[in-house]
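Given chain A, put chain B in place with the hints provided.
Just so you know, the protein sequences line up as chains A and B, in that order.
The first sequence maps to residues 1 to 429 in the working numbering.
The second sequence maps to residues 1 to 117 in the working numbering.
Okay, derived cross-link-like pairs now, SDA-like style, lysine to any residue, Cα gap no bigger than 20 Å in a straight line:
(1) 33(B) / 276(A)
(2) 33(B) / 281(A)
(3) 111(A) / 44(A)
(4) 115(A) / 142(A)
(5) 33(B) / 239(A)
(6) 33(B) / 280(A)
(7) 33(B) / 277(A)
(8) 127(A) / 106(A)
Facing chain A, according to a computed beta carbon distance under 8 Å, are these residues of chain B, among others:
(9) 25
(10) 59
(11) 61
(12) 62
(13) 66
(14) 94
(15) 98
Derived by calculation from the structure, the hints in this document are not laboratory data.
A quick note: this is a predicted structure, and the numbers were derived from the prediction, not measured.
C-beta: ideal position from N, C-alpha, C; glycine also.
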Amino acid sequence: MMCRTDQSVPEPGEEQDVDATDAVFTALLEDSAEELYEQAPCGYLSTLMDGTIAKINATLLEWLGLERSQVVGRMRFTDLLTVGGKLYHETHFAPLLQMKGEVSGIALDIKTADKQRMPVLVTSKVKTSEEGEPMLIRTTVFDARDRRAYEMELLRGRQAAEEARRQSEADRARLQEALAVLQQSLLPAELPVVPGLEAGSYYHTASPDLLGGDFYDLFPLGGGQWAFFLGDVCGKGPQAAAVTSLARYTLRAAALHDPDPVSVLTTLNTVLHERYASGEGRYCTAIFGVLQPADGRVRLHLASGGHPSALIQRADGSADYLPTPGGLLVGVLPQAPFTAARTDLLPGDTLLLYTDGLTEARTGPERELYGDDALRAFTAAQPPAGPQSLITALSGLLASFGDGLDDDTALLALGVPSLPSIASEDLTT
Amino acid sequence: MSPLTITTRDADTGPVLEITGDLDHHTAPELRKAVDGVTVDVGQLLVLDLAGLDFCDSSGISALLAARNAAIESGGHIALAAVPANTARILGIVGLDQVFSLHPDAATATGRSSAAS
Numbered sequence: 001m002m003c004r005t006d007q008s009v010p011e012p013g014e015e016q017d018v019d020a021t022d023a024v025f026t027a028l029l030e031d032s033a034e035e036l037y038e039q040a041p042c043g044y045l046s047t048l049m050d051g052t053i054a055k056i057n058a059t060l061l062e063w064l065g066l067e068r069s070q071v072v073g074r075m076r077f078t079d080l081l082t083v084g085g086k087l088y089h090e091t092h093f094a095p096l097l098q099m100k101g102e103v104s105g106i107a108l109d110i111k112t113a114d115k116q117r118m119p120v121l122v123t124s125k126v127k128t129s130e131e132g133e134p135m136l137i138r139t140t141v142f143d144a145r146d147r148r149a150y151e152m153e154l155l156r157g158r159q160a161a162e163e164a165r166r167q168s169e170a171d172r173a174r175l176q177e178a179l180a181v182l183q184q185s186l187l188p189a190e191l192p193v194v195p196g197l198e199a200g201s202y203y204h205t206a207s208p209d210l211l212g213g214d215f216y217d218l219f220p221l222g223g224g225q226w227a228f229f230l231g232d233v234c235g236k237g238p239q240a241a242a243v244t245s246l247a248r249y250t251l252r253a254a255a256l257h258d259p260d261p262v263s264v265l266t267t268l269n270t271v272l273h274e275r276y277a278s279g280e281g282r283y284c285t286a287i288f289g290v291l292q293p294a295d296g297r298v299r300l301h302l303a304s305g306g307h308p309s310a311l312i313q314r315a316d317g318s319a320d321y322l323p324t325p326g327g328l329l330v331g332v333l334p335q336a337p338f339t340a341a342r343t344d345l346l347p348g349d350t351l352l353l354y355t356d357g358l359t360e361a362r363t364g365p366e367r368e369l370y371g372d373d374a375l376r377a378f379t380a381a382q383p384p385a386g387p388q389s390l391i392t393a394l395s396g397l398l399a400s401f402g403d404g405l406d407d408d409t410a411l412l413a414l415g416v417p418s419l420p421s422i423a424s425e426d427l428t429t
Numbered sequence: 001m002s003p004l005t006i007t008t009r010d011a012d013t014g015p016v017l018e019i020t021g022d023l024d025h026h027t028a029p030e031l032r033k034a035v036d037g038v039t040v041d042v043g044q045l046l047v048l049d050l051a052g053l054d055f056c057d058s059s060g061i062s063a064l065l066a067a068r069n070a071a072i073e074s075g076g077h078i079a080l081a082a083v084p085a086n087t088a089r090i091l092g093i094v095g096l097d098q099v100f101s102l103h104p105d106a107a108t109a110t111g112r113s114s115a116a117s
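Looking at chain A on its own, in the form it has when it is part of the complex (with noise of 0.2 Å):
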C-alpha cells in the first residue's frame, strides 16, 4: 500500500473520468430554463391581474392546439376554460385567489381547439411587487386525464356495487316470495266449512328465511266424519319443508284408508322410517283425530307421536290437557308406540293443537318458560266463545312474546258452536 502524504497528482486517467461525466450529465439535462419552461411536463401560463394572457408555455399551447400568437394578449385564462368551468372559476377560483393569493389543485376543464375537453388541475399564485401590490398570476396546469379516468373507474365500480346491491336485494326478495309461497302450500288456503264445526287456525314464521316445518289440515272422511292433523317436523328449512309435505299427504291418504288414529300415525312412521332410514333420519311430532258429531255433540278420537297434548277449552270455563302421554316421535323407530285418546266435545266446547313455539316461547326479563300451565291458564281464562275468539286472543298472546316466540307456531281450535240461548229458551217454553 502505497501512504506517500505529499500526493498531490491524481492517479492517471482520473480527472478525465470526472470531465467525461460532466458532459453526459450537460448534455441530458436542460441547457437552460427556457427550455424547462417551455417543455415542462405540466402547462404554464403568466395572467394580468384581468386574467389576460401574458405568456404561455409549448406544452399548454399544445394541449390547447393553439398557436401563441392567438392566445397571448388576446384571450384570458377563463377563455381557455369549459362553460362549466369558466362559472366555477368565477364563483369559486378567483374569489380564493384574490382572498389568498393563492388556489391549489383545483380540477376544472380545458376546452381544446378541436372541442375537446380535457381534465386538468390547476394551481395559481399571485406575483406581487416589492411594495405587496399584486402584479400577475402565476399558473400551472396538470394533465388530469389518467386521473379524471381513475375517478370514473372508482365511480364506475361503485356503481356496479350498488347495482350488485340491488341485485342482490331483489333476488332476496324473490327468495322469500318463493319460501313463502312453497310454506303456504304446505297448509290449507283455508280451512273447509264443517256442518255443525266452527275451525279457526293461525300460522306464526319466526324466519322467512327458513322454511318451517309445522302443519295442521283439516278434512272430511266422508260418512259425517272428519279428521285433523296438526304437526311439527324436527328442524328447519327446505328438507324440513320437504317431510312437512310427506307427512301432509301421508296423513291425508292415511286416513281415507283407515281413519284410526294409531294407524293413521302408524303408516306415517313406516312411511318417514322407509323413506329416511338410510343416511340422515327426520322425524316429526303429529297429532291426528278423527271427529263424528253425533247427538248434539261431536265424538273426538284422535292419537299423538310425541306431540304437546291437545288442550280442550270447555263451555264452562275450565281448560284441561287431553293427555296423550307415551306417544313417540314419528319416524324414529320401525315399530312405535302411538297414544289414543277419546272425549266428546259438547256445544261451546273448544279443542286446541298447537305445536311448541307456544309453549316453549320465553316470557319476561328471566326469559321463563311459557308452558303448559301458563297456557292452560290463559285458555280458561277466554270467554269460551268458540274456536276464532280463542285463536285471536292466542294469536294476541304470540304476539306479546316478541323475540321470546324464536320457533314458528301453528295453531288449530275446532269447536262445537253453543246452541243459540233463543233456541234452548224455544225447547223449555
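Chain B alone, transformed into the frame defined by chain A:
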C-alpha cells in the same frame, strides 16, 4: 347463543363426546361430523355427555337421533349422560326417554355399561 364445542375422549366402554353450548339448526351438523369421526365397535357404548349443553332444539334432537343411528348401525349402543332439565323435559314430550338410556352423569354411563357387559 353460545358456540358448540365437542370434545372426544375414550372410556373403557367406548367413545364419550362432551357436548357444550347450543345444539341447534346451525350447529347440529357439527355433532354429526363429530359422530362420524369416532369409531363405535360392536358392543361398545357411545356416550353423549350433555352436562354443558345450553340449548337443544328440534334440529338438535334430530342430531342426537342421527348419533343413535350411527352407533346402532355399527353394532353399538348409545347413552345420554347429564341431560339438562329442559332437554330432558322435551325428550319426555316426544317420547325419546323411551329410546335413549339416560344417565345422571358420564361416569355412571360408562361405569354401568361396563358392569353390565
